[in-house]
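Chains A and B are the protein sequences, given in the same order. If you use my numbering, the first sequence closes out at 305, no skipped numbers anywhere. If you use my numbering, the second sequence closes out at 269, no skipped numbers anywhere.
It is worth saying that the hints were derived from the structure and are not from the lab. Check each hint, because a few of them may be wrong.
To be verified - Dumping the calculated DSS-like pairs for lysine-lysine here, alpha-carbon to alpha-carbon at most 25 Å:
1. A/122 with A/264
2. A/122 with A/84
3. B/190 with A/167
4. B/165 with A/71
5. B/244 with B/185
6. B/190 with B/165
Residue-level listing of the chains:
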Amino acid sequence: MCAQAQWQNPTPGAPRTADGKVDMTGPVPRVNGKPDLSGIWQAEAEPRGPGLYGLGESPNSKYFRNILSDFKAGEEPLTPAGRELIRLHSQPGVVGPNLRCMPDGVPHADLLPEPFKIIQTPGEILFLYEVETIFRQIFTDGRKHPDDPSPTWLGYSVGKWDGDTLVVDTKGFNDMSWLDARGTGHSEDMRVEERFHRRDFGHLEVTATITDPKTFTKPFTISFVEQLLPDTDVFEHICYENEKDTAHIPGKAGK
Amino acid sequence: MRTVGPLALLVSLFAAGVLFAHHGNTAYDETARVRIKGTVTEFIWTNPHSQIYLDVKDSSGKVVNWGVETNSPGILTRAGWTRRSLKAGDEITIILCPAKNGQPVAYAGSGDPGTKVIFADGRELDFVDKTVDKTVDKTAP
């Protein structure tokens with residue numbers, strides 16, 4: 051193996067312990083009076099989902115598998131249309147958009163077992179997702195949502211600070227993404243409010259509140275933690291370069 | 129590993145010699161860990177999932193070419209791999225999750241703890257993210 055592995059690029063400015071490791075509980079960096087959320091983040095696996103992978107538990111967040119996993123079966127706040135979407139997405143031959151190399155949506159893209167990079171600039175905050183090599187722009191220049199945004203996978207995001215918490219309001223989604231791997235769907239009316247709070251150098255606390263009256267009988271909130279991946283980068287991930295599923299999967303993904 | 133697909137379809141395609149399993153790991157028995165030993169014929173460093181092909185002698189002495197699916201270059205890179213980590217001719221052992229249908233295809237990767245590659249000299253390559261290992265995380269459980 052190569053002795054100088056290419057991911058070993060020290061995170062600039064990271065607090066380090068005497069042995070050179072990044073101190074994950076070190077102080078939060080600040081810029082222009084606000085926390086700097088910049089860094090490479092990946093959702094912690096805890097709390098994990100149940101044994102999807104055979105060894106008793108999933109290596110991923112439980113919300114990766116089922117965004118409604120805080121609710122008991124039968125008590126999920128789904129409208130009849132919301133239940134119908136899950137039923138349709140569970141049919142044999144129907145697979146999620148990402149199995150067809152289409153993007154993940156919000157907040158599912160933040161719950162993948164692959165990281166994303168946040169770049170914080172004065173007027174906007176960029177999320178660069180490794181999976182599918184896609185980006186998200188969160189405008190913090192004071193603008194409002196467009197009156198009639200074109201529906202998109204990641205929606206139109208505006209952000210503002212509430213103390214040290216970044217509050218991101220996103221709407222203008224298309225209805226093609228799945229909110230989790232099992233196939234919880236949503237409509238174009240979905241609105242997502244995310245709150246990002248960097249509690250220390252190595253941890254970014256996230257809550258996401260999902261409101262979509264066509265799909266859910268009430269808004270609901272999930273909370274999870276992103277862990278900083280130190281001394282690494284995000285890498286290009288173009289799914290179509292060797293994608294082999296599409297020709298063999300019947301039906302139309304994501305619908 | 130995200131969505132359940134039609135196993136019957138997977139079985140028929142594996143039987144036809146077509147290897148595909150992008151994320152959908154329902155074709156593999158992830159409760160099992162099987163050890164195979166052989167000679168690498170090709171290592172394809174690609175998205176969405178890299179592939180390791182190796183010639184393995186079965187119990188009757190017949191050589192069978194196995195296809196082992198593994199992670200994306202991004203995940204492998206953070207686990208310490210490069211595109212040159214394996215090359216044709218390498219003698220390796222892989223601990224993997226076999227296909228449920230008995231075909232010579234398998235999965236070894238970050239989603240399945242314990243899967244790894246072992247070289248003839250005992251050196252090992254696993255799929256664990258080394259960036260996280262490098263941290264001091266006092267809050268981790």
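The hints, checked one at a time:
no.: 1; hint: A/122 with A/264; verdict: 21 Å, holds
no.: 2; hint: A/122 with A/84; verdict: 39 Å, violated
no.: 3; hint: B/190 with A/167; verdict: 48 Å, violated
no.: 4; hint: B/165 with A/71; verdict: 36 Å, violated
no.: 5; hint: B/244 with B/185; verdict: 19 Å, holds
no.: 6; hint: B/190 with B/165; verdict: 13 Å, holds
Comparing the model with each numbered hint stated earlier shows that hints 2, 3 and 4 do not hold.
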